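Participant: For the sequence shown, counting from 1, position 92 maps to 92 in our numbering; every step adds exactly one.
Hints were generated in silico from the structure; no laboratory data involved. Since the model is a prediction, treat every value here as computed from it, not as a measurement. For every residue, glycine included, the Cβ atom is placed at its ideal position computed from N, Cα and C. Watch out, some of these pointers could steer you wrong.
[Stated by the list, open to error] With a cut-off of at most 30 Å between alpha-carbon atoms, the simulated BS3-like pairs for lysine-lysine come out as follows: (1) LYS112 / LYS95; (2) LYS114 / LYS2; (3) LYS20 / LYS2; (4) LYS114 / LYS95; (5) LYS20 / LYS112; (6) LYS112 / LYS2; (7) LYS20 / LYS95.
[Unchecked claim] Here are the in silico distance ranges between beta carbons for each label pair: (8) MET129 / LEU9: 50 to 56 Å; (9) ARG154 / ALA8: 49 to 55 Å; (10) THR140 / ALA32: 24 to 30 Å; (11) LEU17 / ASP120: 23 to 29 Å; (12) ASP120 / THR76: 20 to 26 Å; (13) GLN153 / ASP6: 44 to 50 Å; (14) ALA136 / THR156: 19 to 25 Å; (15) ALA136 / LEU173: 44 to 50 Å; (16) VAL142 / TYR113: 34 to 40 Å; (17) GLU29 / ALA147: 20 to 26 Å; (18) GLN90 / ALA165: 39 to 45 Å; (19) ARG13 / THR76: 27 to 33 Å.
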Amino acid sequence: MKLTPDMALDLVRLQPLMDKANDPGADGETVASAFAASQVFVRTYNQAFAEYFAGRLNGVALSFNRGEFNYSFRDTADAAHAFTMLSMQQVNDAKSKAICVGVVNLLLRDMKYKSSFDNDQSYLTAVLMIAHSMHAFRRTTVNQFVAEGQRIQRATFWRYFVIGAVTVGIAYLIFG
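Start from the sequences, fold in the hints, and give me the full structure.
Facilitator: Encoded structure:
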């Protein structure tokens with residue numbers, strides 16, 4: 001990830017708050033502040049974070065008990081777009097904050113700073129959790145568009161059917 005001078009300065013300002021929030025005895029207010037600050041930080045530099053995280057997800061698959069979870073992203077641009085959609089959403093702000101704080105902690109760990117992810121297992125779990133959220137958000141959005149399209153199509157059919165029946169009825173009365 002290429003850090004611009006502004007981004008590096010903002011990360012230096014954010015890092016002490018993240019250190020306090022990552023302490024086991026951190027109070028709820030500190031954690032909430034870290035979540036909100038992480039969300040603002042990720043949204044400010046969203047394109048850079050999308051590219052940073054998307055580089056990890058090109059064809060990610062996890063095998064688990066003879067089953068397979070496959071997060072299919074065509075390429076890094078597709079994964080970056082899915083990350084942008086998820087982190088910038090307004091509907092489920094709590095999920096957006098969780099994703100943002102997760103990716104900031106991934107970046108801090110990559111840079112060898114204190115992070116919530118103190119071992120490889122928690123690090124991998126965070127990557128897969130974010131990938132799953134991206135995939136689920138994209139599928140939910142597509143399903144909503146399909147359902148809306150079907151509803152509009154049904155409404156349009158009946159409207160034209162009634163208009164046609166009325167037109168035929170009027171024509172029958174006039175010419176009949």
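Participant: Would you pick out the hints that fail for this structure and give their numbers low to high?
Facilitator: Hint check: 8, 14, 15, 17 fail, others pass.
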